[in-house]
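J.: Residue numbers (UniProt numbering), protein chains in the order written: chain A, 1 to 415; chain B, 1 to 301.
Rather than coming from a laboratory, the hints here were simulated on the basis of the structure. Computed from a prediction, not measured in an experiment: that's the story for all the values here. There's no promise every hint is true.
[Unchecked claim] Output of the computed footprint for chain B on chain A, the stretches with three or more beta carbons under 8 Å from beta carbons of chain B:
1. 15-22
2. 246-255
3. 383-396
4. 400-406
[Unchecked claim] Only pairs whose alpha carbons sit at most 20 Å apart, straight line, appear in this in silico SDA-like list of lysine to any residue:
5. B:Lys-50 with A:Thr-317
6. A:Lys-346 with A:Pro-381
7. B:Lys-50 with A:Pro-381
8. B:Lys-50 with A:Asp-233
9. B:Lys-50 with B:Glu-72
10. B:Lys-50 with A:Lys-331
11. B:Lys-50 with A:Leu-276
12. B:Lys-50 with A:Ser-273
13. A:Lys-28 with B:Asp-85
14. A:Lys-346 with B:Ile-267
15. B:Lys-50 with A:Asp-270
16. B:Lys-50 with A:Lys-28
17. A:Lys-167 with A:Thr-317
18. A:Lys-331 with A:Asp-347
The beta-carbon is built from N, C-alpha and C at its ideal position, and this holds for glycine as well.
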Amino acid sequence: MDLLRFATAGSVDDGKSTLIGRLLYDSKSIFEDQLESVEAASKARGTEYTDLALLTDGLRAEREQGITIDVAYRYFATPRRKFIIADTPGHQQYTRNMVTGASTADLAIILVDARKGMTEQSRRHATIASLLRVPHLVLAVNKMDLVGWDEAVFNDIYEEFSQFASKLDVPDLTAIPLSALLGDNVVDRSVNMPWYDGASLMHHLEHVHIASDRNLQDVRFPVQYVIRPMRNDVHDYRGFAGQVASGILKVGDEVMALPSGMTSKIAAIDGPSGPLETAQPPQSVTVRLEDEIDVSRGDILCRVGNHPEPTQDVDATICWMDAEPLVVGKKYGILHTTRMARAMVKDIAYELDVNTLHRDPDATQLGLNSLGRIKLRVTSPLLVDDYADNRATGSFILIDESANRTVGAGVIRHS
Amino acid sequence: MTSQNTLSQLDALEAEAIHIVREVVAQMERPALLFSGGKDSIVLLHIALKAFAPARLPMPVVHIDTGHNFPEVLDYRDRIVEQYDLQLVVGSVQAAIDKGTVREEPNGSRNRIQTPVLLETIESNRFDACMGGARRDEEKARAKERVFSFRDEFGQWDPRNQRPELWSLYNGRVHQGESIRVFPLSNWTELDIWDYVASREIEVPSIYLAHERDVFHRGGMWMAANEFCQPREDEMIERRTVRYRTVGDATLTAAVLSDADTVDKIIAETAATRLTERGATRGDDRVSEAAMEDRKKEGYF
């Protein structure tokens with residue numbers, strides 16, 4: 001059984017909570033006491049039907065206002081896969097939450113109400129999924145029961161969405177007509193839409209091929225921590241602990257440590273349950289080298305002929321997540337893989353309108369929930385790859401140095 | 001590893017948790033691991049030991065001792081501390097009651113007063129990070145908590161003002177007096193915990209396995225009759241075969257009727273159960289719709 005992480009984007013009106021409720025319910029992941037407590041809470045606030053949104057909207061403020069504020073994580077499993085849902089609110093003021101949910105997702109579901117068709121919101125969701133390079137996208141056209149299960153309605157929405165997606169970078173798009181309320185095409189194929197010959201949503205989630213989404217070509221091993229037991233029985237032990245970001249490490253392989261540029265061979269790989277011959281993403285292992293070379297936290301082990309470029313000038317698309325805007329000239333802490341440094345904003349190239357994809361080159365600052373292209377100058381060289389090639393070495397966060405808040409998330413455009 | 005060359009879900013969750021534990025030690029000055037002897041903290045301890053092997057665990061383990069313990073759990077704790085040569089820090093609720101810094105609730109519960117004792121232990125040891133075994137699937141307020149969860153100088157959690165958390169980049173920066181609670185098992189479910197216990201052959205305290213015990217029925221739950229908890233007049237003691245799904249304060253943690261006397265049987269039972277573990281066994285979560293959120297804001301685990 002493997003693991004699929006997916007993000008859902010859409011508002012309560014699109015039936016997102018109903019859809020998630022149904023996926024959880026049909027996979028027997030809603031428990032009786034949860035359902036009873038949701039039923040009691042629905043009744044207490046005078047709702048006529050059981051409001052499944054209350055399953056995911058757990059915070060007091062959310063229940064009081066009837067909205068989803070934050071990313072909620074939900075879990076369910078079928079005999080084939082375990083699933084982690086990052087349930088993100090749909091409104092523009094929560095763009096940062098969808099960016100957060102999408103950052104780790106293998107797949108994103110974008111919900112569209114069949115009666116309304118594509119909206120500004122669906123365009124924004126597609127843009128964010130593309131920017132964060134979510135490998136698989138599902139366009140879920142919901143409430144098909146309310147449009148008489150009409151194939152033409154579905155085709156029009158699919159067509160319009162595909163046209164918009166063609167301007168973006170969407171590697172894999174699947175469109176599914178469904179009714180979350182009635183269950184059509186959620187777990188079982190719909191009998192009401194014989195014209196649709198694709199899979200149900202659950203079937204797609206269970207079978208979508210994610211093994212090849214990982215980058216197994218470019219060896220990148222960011223060192224997190226150096227293990228030196230300093231105990232008599234293992235006093236020579238010196239291991240570099242980390243999580244494989246990409247590529248396959250093999251015992252005997254020649255590796256180069258950056259930024260020093262020194263090379264050695266892998267003497268051993270220690271995994272959580274003993275020695276390993278190879279390690280691949282996302283395994284957490286400890287690598288021992290044949291030679292005593294200088295390696296510490298923040299360094300990256302890679303191959304001699306294939307390594308990230310050390311650079312102090314970083315070009316990135318940033319999602320701003322803080323009430324205090326990003327401005328040119330301001331300095332921030334930057335965390336990239338396991339390396340912490342400081343960065344200064346040199347330039348805002350443009351602000352991106354996530355609804356229209358329009359670029360505004362006159363922007364002088366980026367406010368909460370806005371996206372833009374910026375240039376940074378970093379105090380010490382970062383070992384970066386283009387985000388399109390490598391999510392781990394192509395991403396970073398910015399930290400406000402006085403308040404310690406995480407204020408921005410960046411994807412690197414390097415090339 | 002499966003045929004498609006992806007990691008199994010357990011291997012992937014383990015890899016993620018090891019990465020988080022290592023980030024804590026690499027980023028923070030004085031980390032600690034909260035250890036109750038419950039199954040989640042046992043799995044967390046095993047993961048932390050693996051993360052730094054063959055070195056010793058580079059942080060102390062902290063037990064907030066309510067004084068209302070199951071003897072099997074205390075015994076287990078002491079054996080584990082000895083076996084792995086751990087440094088144990090105990091924050092004693094009884095000692096705090098004796099000193100007069102906290103007071104028991106009228107019903108004898110010490111659940112809520114664990115919080116000031118925990119915060120006092122963090123403060124006096126100057127811990128800037130405390131790792132715990134809490135999982136997001138346990139409770140709806142936890143479903144929204146970050147892996148690195150910031151606490152202010154009063155130990156409070158502010159759910160509306162959490163640091164965004166993206167990719168596997170964790171921001172552990174704090175000022176003096178502030179701290180981070182870290183939950184490396186955030187993405188695990190109860191079933192994952194038991195699958196892991198089985199596949200890694202981890203020993204758990206015997207009260208998790210089915211055994212005979214004197215119990216009585218209260219508020220829809222089976223409570224053990226012991227020195228901390230006695231039936232009222234209208235409640236009858238019965239001898240039943242039970243096990244515990246969670247381990248907390250002995251006065252308010254209930255048992256479930258079960259014949260599962262091996263980990264494999266527990267897994268089968270967990271996969272089929274229709275009740276959450278906290279809903280079935282924890283009086284402390286039943287106070288109100290947002291009982292957990294309210295306690296967490298004050299600084300609870």
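J.: So, for every hint listed, does it hold in this structure?
T.: Structure-based check of all given hints:
no.: 1; hint: 15-22; in the structure: violated (count 0)
no.: 2; hint: 246-255; in the structure: violated (count 0)
no.: 3; hint: 383-396; in the structure: holds (count 4)
no.: 4; hint: 400-406; in the structure: holds (count 3)
no.: 5; hint: B:Lys-50 with A:Thr-317; in the structure: violated (37 Å)
no.: 6; hint: A:Lys-346 with A:Pro-381; in the structure: holds (16 Å)
no.: 7; hint: B:Lys-50 with A:Pro-381; in the structure: violated (32 Å)
no.: 8; hint: B:Lys-50 with A:Asp-233; in the structure: holds (18 Å)
no.: 9; hint: B:Lys-50 with B:Glu-72; in the structure: violated (25 Å)
no.: 10; hint: B:Lys-50 with A:Lys-331; in the structure: violated (38 Å)
no.: 11; hint: B:Lys-50 with A:Leu-276; in the structure: holds (14 Å)
no.: 12; hint: B:Lys-50 with A:Ser-273; in the structure: holds (8 Å)
no.: 13; hint: A:Lys-28 with B:Asp-85; in the structure: violated (42 Å)
no.: 14; hint: A:Lys-346 with B:Ile-267; in the structure: violated (56 Å)
no.: 15; hint: B:Lys-50 with A:Asp-270; in the structure: holds (10 Å)
no.: 16; hint: B:Lys-50 with A:Lys-28; in the structure: violated (33 Å)
no.: 17; hint: A:Lys-167 with A:Thr-317; in the structure: holds (17 Å)
no.: 18; hint: A:Lys-331 with A:Asp-347; in the structure: holds (12 Å)
This entry does not satisfy hints 1, 2, 5, 7, 9, 10, 13, 14, 16, going by the numbered hints stated previously.
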